[in-house]
Amino acid sequence: MASDEFERVYEVTGRDYANAGRASTSIKDILKHLGVHPVVVRRAAIASYEAEMNVVMYAVRARMSLRVSPAAVTIEVQDEGPGIEDVELAMQEGYSTATPEMREMGFGAGMGLPNIKRNADVFDIKSEVSRGTRLLIRIGQVA
Amino acid sequence: MYPAAKRKVMTVRSVRDVLAAEVLCGDDGALSAELQGAAAADLMSDVLALSQPGMLLLTGLVSVQVVRTAIVAELCGVVFVRGKMPSSEMVALAREARLPLLRTERSLFEAAGLLYGALTCV
Numbered sequence: 000m001a002s003d004e005f006e007r008v009y010e011v012t013g014r015d016y017a018n019a020g021r022a023s024t025s026i027k028d029i030l031k032h033l034g035v036h037p038v039v040v041r042r043a044a045i046a047s048y049e050a051e052m053n054v055v056m057y058a059v060r061a062r063m064s065l066r067v068s069p070a071a072v073t074i075e076v077q078d079e080g081p082g083i084e085d086v087e088l089a090m091q092e093g094y095s096t097a098t099p100e101m102r103e104m105g106f107g108a109g110m111g112l113p114n115i116k117r118n119a120d121v122f123d124i125k126s127e128v129s130r131g132t133r134l135l136i137r138i139g140q141v142a
Numbered sequence: 000m001y002p003a004a005k006r007k008v009m010t011v012r013s014v015r016d017v018l019a020a021e022v023l024c025g026d027d028g029a030l031s032a033e034l035q036g037a038a039a040a041d042l043m044s045d046v047l048a049l050s051q052p053g054m055l056l057l058t059g060l061v062s063v064q065v066v067r068t069a070i071v072a073e074l075c076g077v078v079f080v081r082g083k084m085p086s087s088e089m090v091a092l093a094r095e096a097r098l099p100l101l102r103t104e105r106s107l108f109e110a111a112g113l114l115y116g117a118l119t120c121v
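First to last, the sequence lines map onto chains A and B.
Counting from 1, position 8 in the first sequence corresponds to residue 7 in numbering that gives the first Met the number 0; the numbering is continuous, with no gaps.
Counting from 1, position 64 in the second sequence corresponds to residue 63 in numbering that gives the first Met the number 0; the numbering is continuous, with no gaps.
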């Protein structure tokens, strides 16, 4: 890793609602500390929080990594879980397979993936049913 | 969501007076912050999608995710309506993040109406 790059990895556990959001608030603190532009910090925090909530709500566990370079903030989320059968449908605002328990948290209204995409400059999603989902979120113009 | 334009200057502390709210946490500096708008929502994804930094959130939802959302979205405070009481974990998390939490006996509709009136009155 180059000296001007920062990397941090988080483990996120499914159904662990009490700690849901902990990784994202840590990402936010780190980005602030690194002097990343406030608009980029907020976009990265919102995107990573939605992604983290998706892991907690739907997956078994995930590895969430943060990489910061002078050019971009990159967040990758690789989960082990049920995967998404129809990614195109999941990307539609309002489409959701959430349970009442998830909705009680204020999530699960089919806004998560669209919200992530909206805050990302580069957004990539690959999913395999019964295996898991991989998300790539990149936000440029760090300084 | 009520945007920053066409509003009166209002601090989190003055929201307490308008809504006869109890301040559960929030230091002097955080209570003196100026509202950059206000929103009433129970859906945290809507808050994440539509809010601006410095907005105040009125909500009937009591879960730790409300506090996390407010931190991530950089809101200036959260008001819980209908006398709902957040857990001590929620208050501790908010305190750590210097996020003011308030609660009012007013309903979401009443609280939003009162605040709208106070923010827009001439």
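These are computed hints drawn from the structure, not numbers from a lab.
For every residue, glycine included, the Cβ atom is placed at its ideal position computed from N, Cα and C.
Heads up, some of the hints might be wrong.
[Claimed, not checked] Covered by chain A, according to a simulated footprint, are these stretches of chain B (three or more residues, beta-carbon under 8 Å): (1) 11 to 21; (2) 110 to 120.
[What the hints assert, rightly or not] A short, non-exhaustive set of chain A residues, derived as facing chain B with CB atoms under 10 Å: (3) A19; (4) R21; (5) R66; (6) V86; (7) L88; (8) E92; (9) Y94; (10) P99; (11) R102; (12) N114; (13) K125.
[To be verified] A few chain A residues that face chain B, going by a derived Cβ cut-off under 8 Å, partial list only: (14) D15; (15) L135; (16) G139.
A quick look at each hint next to the structure:
1. 11 to 21: With 0 residues closer than 8 Å to chain A, the stretch 11 to 21 of chain B misses the three-residue bar; violated.
2. 110 to 120: violated (count 0)
3. A19: Given a least distance of 7 Å, the restraint on A19 of chain A holds.
4. R21: Given a least distance of 8 Å, the restraint on R21 of chain A holds.
5. R66: It is violated, given that the least Cβ distance between R66 of chain A and chain B is near 19 Å, above 10 Å.
6. V86: Hint violated; V86 of chain A Cβ to chain B Cβ min 18 Å, cut 10 Å.
7. L88: At about 17 Å, which exceeds the 10 Å cut-off, the nearest Cβ of chain B leaves the hint on L88 of chain A violated.
8. E92: Constraint on E92 of chain A satisfied, holds at 9 Å.
9. Y94: violated, 13 Å
10. P99: For P99 of chain A, the interface hint is violated, since the closest Cβ of chain B sits about 13 Å away, which is over 10 Å.
11. R102: Holds. Min distance 9 Å.
12. N114: Since the shortest Cβ distance to chain B is 5 Å, the answer is holds.
13. K125: violated, 22 Å
14. D15: Since chain B brings no Cβ nearer than about 11 Å to D15 of chain A, farther than 8 Å, the hint is violated.
15. L135: For L135 of chain A, the interface hint is violated, since the closest Cβ of chain B sits about 19 Å away, which is over 8 Å.
16. G139: Cβ of G139 of chain A sits 20 Å from chain B, so the hint is violated.
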